[in-house]
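**Student:** Next come the chains, spelled out residue by residue.
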Amino acid sequence: MSDNRKITINPISRIEGHGKVVIHLDSDGNVEDAKFHVTQFRGYERFCQGRPFEEMPIITQRICGICPVSHQLASAKACDAILGVRIPDTATALRRLIHMGQFIQSHALHFFYLASPDLLFGWDSDPEVRNVVGVIGAYPAIAKKGIHLRKFGQDVIRALGGKSVHPAYAIPGGVINCLAERERDNLLTGFAQAYDACYTALDFIKEWLEKNRFEIKRFANYESLLAGLVDDAGCPDMYNGKLRIRHSSGTPGVEFDPEDYLKFIAEHVESWSYLKFPYFKEHGFPQGFYRVGPLARINMADAVSTPKAQAELLIYREKTRDGLSGSTLLFHYARMIELLNCLEAAEKLLQSEAICGTDIQNRGHVSNNEGVGVIEAPRGTLIHHYKVDKHGVIEDVNLIVATGHNNYAMNLSVGMVA
Amino acid sequence: MNVFQNAEKVNFLIIGFGNRHRRDDGIGPYVSDQLKLSLGNTPGIRIVSLHQLGPELAEDLWTATGVIFIDADNGPLPGGCSWSDVRPVSGMNRNIHSLLVNTLLGMTQLIYNRCPPAWMVSVKGYDFGFGEGLSPEAADSANRAAGEIINFIMNGFVNPAQNASAYSSAGSCDPMLCTARLINNRKGLI
Numbered sequence: 220m221s222d223n224r225k226i227t228i229n230p231i232s233r234i235e236g237h238g239k240v241v242i243h244l245d246s247d248g249n250v251e252d253a254k255f256h257v258t259q260f261r262g263y264e265r266f267c268q269g270r271p272f273e274e275m276p277i278i279t280q281r282i283c284g285i286c287p288v289s290h291q292l293a294s295a296k297a298c299d300a301i302l303g304v305r306i307p308d309t310a311t312a313l314r315r316l317i318h319m320g321q322f323i324q325s326h327a328l329h330f331f332y333l334a335s336p337d338l339l340f341g342w343d344s345d346p347e348v349r350n351v352v353g354v355i356g357a358y359p360a361i362a363k364k365g366i367h368l369r370k371f372g373q374d375v376i377r378a379l380g381g382k383s384v385h386p387a388y389a390i391p392g393g394v395i396n397c398l399a400e401r402e403r404d405n406l407l408t409g410f411a412q413a414y415d416a417c418y419t420a421l422d423f424i425k426e427w428l429e430k431n432r433f434e435i436k437r438f439a440n441y442e443s444l445l446a447g448l449v450d451d452a453g454c455p456d457m458y459n460g461k462l463r464i465r466h467s468s469g470t471p472g473v474e475f476d477p478e479d480y481l482k483f484i485a486e487h488v489e490s491w492s493y494l495k496f497p498y499f500k501e502h503g504f505p506q507g508f509y510r511v512g513p514l515a516r517i518n519m520a521d522a523v524s525t526p527k528a529q530a531e532l533l534i535y536r537e538k539t540r541d542g543l544s545g546s547t548l549l550f551h552y553a554r555m556i557e558l559l560n561c562l563e564a565a566e567k568l569l570q571s572e573a574i575c576g577t578d579i580q581n582r583g584h585v586s587n588n589e590g591v592g593v594i595e596a597p598r599g600t601l602i603h604h605y606k607v608d609k610h611g612v613i614e615d616v617n618l619i620v621a622t623g624h625n626n627y628a629m630n631l632s633v634g635m636v637a
Numbered sequence: 019m020n021v022f023q024n025a026e027k028v029n030f031l032i033i034g035f036g037n038r039h040r041r042d043d044g045i046g047p048y049v050s051d052q053l054k055l056s057l058g059n060t061p062g063i064r065i066v067s068l069h070q071l072g073p074e075l076a077e078d079l080w081t082a083t084g085v086i087f088i089d090a091d092n093g094p095l096p097g098g099c100s101w102s103d104v105r106p107v108s109g110m111n112r113n114i115h116s117l118l119v120n121t122l123l124g125m126t127q128l129i130y131n132r133c134p135p136a137w138m139v140s141v142k143g144y145d146f147g148f149g150e151g152l153s154p155e156a157a158d159s160a161n162r163a164a165g166e167i168i169n170f171i172m173n174g175f176v177n178p179a180q181n182a183s184a185y186s187s188a189g190s191c192d193p194m195l196c197t198a199r200l201i202n203n204r205k206g207l208i
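For the record, the sequence lines run as chains A and B.
Basically my numbering = 1-based index in the first sequence + 219.
Basically my numbering = 1-based index in the second sequence + 18.
Okay, chain A solo, but in the shape it has when bound (with noise of 0.2 Å):
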């Protein structure tokens, strides 16, 4: 009999959610395998059985506190399809901008609350100060734009939605609000502060990648299939678009539209963890494993929509062409290019004359007894796909979520880490 030993690290801090990983030692004290567990239970599948299907984009967004917006939008887009309704083209523009003030705020949090302690100060300083509160005390500059750029992306839901987390803004059909003008215009002055922030943040990422590329090229990585939608041009959509998986060396994938996932996507089960197991169905599991997300979109994306983030893609490309770009760590990176282009696609669509519009809700029954909607969140793909009965009572619910997506990823990952 070996004589196992584990680490246990429980909970793991910086995420939404609790989570554990294990790490199992053998007799000589090496890592013979490494976990990232889920410990906790949902039920979300099983508990929304019997509620009416409009309450769903209310209920299912309290999966998340960090990204509730992408699942009420990924939930009223399953609902749109039930109803069988296209929605106005405001209510578009409208879910589209507080997605966007979603992502700022999600990537603000992530870069300036989560992974800033570790890049500024390292991974081998004292715990007590590699946190935020040390990150404010030893570069409250830095954190000051944080704080600014996150309450930016909180700004631009509440202007909607009311509140900045769980808001009730999108509904079967379109949105509840329309935007006031002066709300608009409030918004509009705020971008300029945000730029500087954003590329503060982009200064300091490409600084440290320069800095870390030794580390940045053993942590984590790897080839993998990537998934994420994208437009018509190629260029990574939050909101609608083909769902696309195409692997990190490049070779052609699949595109296909996201209501014939399951044609694609199979779910694969583990005793150990509550959360699922997505997979490739055309290459099987674990083979078919694949990874979403800020890293992923950035790098099997042909473009990016918008100018500024356009720009620093190319730099990323040419800052990552020796091997780097299947790191872990440029998730970091990725994230800012990101954030980038939500700033300009945010601005873009407060400057459009849609925005203020009063058009904001087409009405319908029950016209199909199913509903899949399909969005980018901050950390991945989310798929909410809905049956209901002839009275729009709910009786299936299948959700995937991004951490779903990049489960065996994460454990990958962990496993090659630990």
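If you are wondering where the hints come from, they were derived from the structure by calculation, not from laboratory data.
Cβ atoms here follow ideal geometry from the backbone N, Cα and C, with glycine treated the same way.
Check each hint, because a few of them may be wrong.
[Said to hold, decoys possible] List of simulated lysine to any residue pairs, SDA-like, C-alpha gap at most 20 Å:
no. : chain 1 : residue 1 : chain 2 : residue 2
1   : A       : Lys382    : B       : Gln70
2   : A       : Lys363    : B       : Arg132
3   : A       : Lys382    : B       : Arg64
4   : A       : Lys363    : B       : Pro106
5   : A       : Lys363    : B       : Tyr130
6   : A       : Lys567    : A       : Thr577
7   : A       : Lys382    : B       : Lys54
8   : A       : Lys363    : B       : Arg40
9   : A       : Lys382    : B       : Asn37
10  : A       : Lys461    : A       : Lys436
11  : A       : Lys363    : B       : Asn37
12  : A       : Lys382    : B       : Arg40
13  : A       : Lys363    : B       : Lys54
14  : A       : Lys436    : A       : Ile534
[To be verified] A short list of chain A residues far from chain B (calculated; beta carbon distances all over 10 Å):
no. : residue
15  : Asn229
16  : Arg261
17  : Tyr332
18  : Gln373
19  : Asp404
20  : Gly469
21  : Gly576
Fit chain B to the known structure of chain A by using the hints.
**Tutor:** Below, chain B alone, put in the same frame as chain A:
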């Protein structure tokens, strides 16, 4: 109602925080709701309801002339509510999802080199189980707290930022004492 004749100089924040889905933990937002009915259009006063406190509040706090936080408390509170002044502290806080009031003030001080005078109005809660709506006892205390805050403001407090003594001399922050002190200092503002 216009308690501030020079309202553009005043930026007073009232922040009720707590979880409305855990019964009496929603006391803070409940009191904020009550105050909005009475004070919602008062120049110079901003009333907000929050689920929890996050670092982003620092950006609002550092420019505030004063701030009142309202939160539920499950400890013994004679009369159902109490006032205390809150001082900024610096130090470790691993949980960035939800900050303590004094840590938030400490962050504000660190980043902006300024922190407003702050008071905590604690209101006794009895039932923190799942569900919406306050217990009858908590609702009574919350209404009393709302009344005290309204009196505090109606009696005309001064811009504390213009008179450091309003803050630095604050000991136990009895609302009547606060009011008296602020009334005495009001000339400094208007």
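**Student:** Next step is simple, just say for each hint if it's right about the structure.
**Tutor:** How the hints compare with the structure:
no., hint, verdict
1, A:Lys382 to B:Gln70, "holds (12 Å)"
2, A:Lys363 to B:Arg132, "holds (13 Å)"
3, A:Lys382 to B:Arg64, "holds (15 Å)"
4, A:Lys363 to B:Pro106, "holds (17 Å)"
5, A:Lys363 to B:Tyr130, "holds (8 Å)"
6, A:Lys567 to A:Thr577, "holds (19 Å)"
7, A:Lys382 to B:Lys54, "holds (16 Å)"
8, A:Lys363 to B:Arg40, "violated (33 Å)"
9, A:Lys382 to B:Asn37, "holds (14 Å)"
10, A:Lys461 to A:Lys436, "violated (31 Å)"
11, A:Lys363 to B:Asn37, "violated (27 Å)"
12, A:Lys382 to B:Arg40, "holds (18 Å)"
13, A:Lys363 to B:Lys54, "violated (30 Å)"
14, A:Lys436 to A:Ile534, "holds (18 Å)"
15, Asn229, "holds (14 Å)"
16, Arg261, "holds (16 Å)"
17, Tyr332, "violated (5 Å)"
18, Gln373, "violated (6 Å)"
19, Asp404, "holds (19 Å)"
20, Gly469, "holds (38 Å)"
21, Gly576, "holds (28 Å)"
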